[in-house]
Amino acid sequence: MSILVKYIKSRWVLLSIVVMIIIVLISPLFGYAYEPMDYVVEQFNAVEKQIYEAPMPDYIIPALGETAISGILAGIVGLFVTLFVCLALGYVLRARRAKEPS
Amino acid sequence: MHIPDGYLDAWVLALFLVLTVIMLVLTFRKANKIVEDKHIPLFAVLTAAVFAAQMINWPVGPGGTTAHLVGGALIAIFLGSYGGLIAMAVILLIQAFLFGDGGITALGANIWNMGVVDCFVGYYLYKIISKALGDTPRGKVIGAFFGGWIGITLAAFFCGLEIGISTIFPYDIAVSVPVMTIYHCLLGTIEGLITAFVVGYTLKVRPDLLELPKIDPP
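Chains as they are written, first to last, in our numbering: chain A, 2 to 103; chain B, 408 to 625.
Extracted from the complex, chain A is given alone in its bound form:
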């Protein structure tokens, strides 16, 4: 874990994380989505066949219902999961590079 903390210690990284949290905080204001894909689907009367129940469907924490705070918390969870996965993946790739014969 300490090796991952090393990567996020610099000022620009911490500042970027703050900006990302702000983006997630204001995201409920821009939550309405009607993408071109929805338009095509509407035209064709296509129906989604759900085969998997996600733990936070549609960026909502089920226990908190469809509220702004639920969307914000789900977004923050997603944000930190993404950060952690990328730091871990980057660390693994770098470690494999170090093992490569030069």
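Simulated from the structure, these hints should not be mistaken for laboratory data.
In this text, all values refer to a predicted model and were calculated from it rather than measured experimentally.
Ideal placement from N, C-alpha and C gives every residue a C-beta, glycine not left out.
Mixed in with the good hints there might be a few duds.
Stated by the list, open to error - Pairwise CB distance ranges, derived in the manner of DEER restraints:
# : chain 1 : residue 1 : chain 2 : residue 2 : range
1 : A       : Thr68     : B       : Trp465    : 31 to 41 angstroms
2 : A       : Ile23     : B       : Glu618    : 25 to 35 angstroms
3 : A       : Gln44     : B       : Thr543    : 36 to 46 angstroms
4 : A       : Gly66     : B       : Pro544    : 41 to 51 angstroms
Got chain A; can you put chain B on it based on the hints?
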């Protein structure tokens, strides 16, 4: 642009899954040889930033349609086409498995559209245009605009193609491809502007972040 489960025929799912897996194998082989310490925080921050930015929808399209940043070209401009593909694959996997955004069976197609097409088209267009304009900061910003714009437009073209050739839709690609491509061509100008702004701002405050070795095909 996230295709859910149930929209694509099995053979379309299989085809794009195979193509995407081949690209990811090539990507990780190359990444193993290039990734160093200084890539890691940038990779993590850019990927998380695009994840967060995708939660913002802007209602600017015809008929009240909205769009959000896809961001593949933006990440690829910093990390290279393969680097962008890894980042987009991480985002799409998290969105599908944690939030049900985009189908599990459609992951191959979604990663192909928003990872492979957006990153490769966006990045190489950026490189060609900025080189043609003398690799100046202005040339890089213009290249980033076109990379972001055309990258998302071609990703939407592939998305329209995949749903159009699938039999679940009663119409064919003559309808789905123009609708997806034209709408995203209009909405994609915003993607181009955001990509250009981020590249322009980075050139002013931290130009070194754009000079890292790129994770790219040989």
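Checklist entry - A/Thr68 and B/Trp465, beta-carbon distance inside 31 to 41 angstroms? => result violated (22 angstroms)
Checklist entry - Are A/Ile23 and B/Glu618 spaced within 25 to 35 angstroms by their CB atoms? => result Distance hint for A/Ile23, B/Glu618 holds at roughly 28 angstroms.
Next on the checklist: Please check whether A/Gly66 and B/Pro544 have a Cβ separation lying inside 41 to 51 angstroms.
Outcome noted: holds (48 angstroms)
Checklist entry - Quick one: are A/Gln44 and B/Thr543 within 36 to 46 angstroms, going by C-beta? => result Given range 36 to 46 angstroms: holds, Cβ gap about 45 angstroms.
The earlier numbered hint that this structure contradicts is number 1, and it is the only one.
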